[in-house]
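In the numbering used here, the protein residues as written are 3 to 120.
Among the clues, some could well be false.
Said to hold, decoys possible - With a Cα cut of at most 20 Å, we get these calculated SDA-like pairs of lysine to any residue:
no.: 1; residue 1: Lys-38; residue 2: Tyr-108
no.: 2; residue 1: Lys-107; residue 2: Pro-74
no.: 3; residue 1: Lys-38; residue 2: Gly-99
no.: 4; residue 1: Lys-38; residue 2: Val-15
no.: 5; residue 1: Lys-107; residue 2: Tyr-17
no.: 6; residue 1: Lys-38; residue 2: Ser-60
no.: 7; residue 1: Lys-38; residue 2: Glu-8
no.: 8; residue 1: Lys-38; residue 2: Leu-23
no.: 9; residue 1: Lys-107; residue 2: Ser-67
no.: 10; residue 1: Lys-38; residue 2: Gly-24
no.: 11; residue 1: Lys-107; residue 2: Gly-33
no.: 12; residue 1: Lys-107; residue 2: Met-3
no.: 13; residue 1: Lys-107; residue 2: Thr-4
no.: 14; residue 1: Lys-107; residue 2: Ser-44
no.: 15; residue 1: Lys-38; residue 2: Gly-25
no.: 16; residue 1: Lys-107; residue 2: Arg-14
no.: 17; residue 1: Lys-107; residue 2: Val-12
no.: 18; residue 1: Lys-107; residue 2: Gly-24
no.: 19; residue 1: Lys-38; residue 2: Pro-74
no.: 20; residue 1: Lys-38; residue 2: Arg-52
no.: 21; residue 1: Lys-38; residue 2: Val-55
no.: 22; residue 1: Lys-38; residue 2: Cys-110
no.: 23; residue 1: Lys-107; residue 2: Leu-73
no.: 24; residue 1: Lys-38; residue 2: Asp-19
no.: 25; residue 1: Lys-107; residue 2: Leu-36
no.: 26; residue 1: Lys-38; residue 2: Thr-65
no.: 27; residue 1: Lys-38; residue 2: Arg-16
no.: 28; residue 1: Lys-107; residue 2: Asn-57
no.: 29; residue 1: Lys-107; residue 2: Leu-23
no.: 30; residue 1: Lys-38; residue 2: Gly-61
no.: 31; residue 1: Lys-107; residue 2: Arg-16
no.: 32; residue 1: Lys-107; residue 2: Pro-18
no.: 33; residue 1: Lys-107; residue 2: Ala-20
Hints in this document: simulated from the structure, not taken from any laboratory.
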Amino acid sequence: MTFWQELQTVIRVRYPDAVCLGGACYLRLNGGNLAKVESASSGGYYDGLRLTVLNRLSGPVDTVSLRSWDLPHRKGSESKRGEDAGWDVCRPSPDIGALWELAEKYLCLFREPDSEMR
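Let the sequences and hints guide you as you build the complete structure.
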């Protein structure tokens, strides 16, 4: 499953009414706000999320990028290649579930305080 497909699966569990078009998913928040969720890449690899809160009347309210390095790090393994170890590049796949939990914390800032959680 691709990064984008995994992300859509995680989003639809929490927001079954999410609208996913092109490379973005739109979620309804309180007060006429929407959240736009996009996958973010660096170095040709998808490694994070870009979240934008949009107000229907005034436009963008806030934007934040969450990257895999914003998450607690997992321990890496030692290279067994001797002299070539300096050339080893480890690109672990990002933990989409953990990224989404961090995104949920951000989106909670834009919900009404007395509204119940979904």
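Exercise. Just pull the numbers of the violated hints for me, sorted ascending.
Key: Numbers 12, 13, 14, 18, 19, 29 - these are the hints that the structure violates, sorted from lowest upward.
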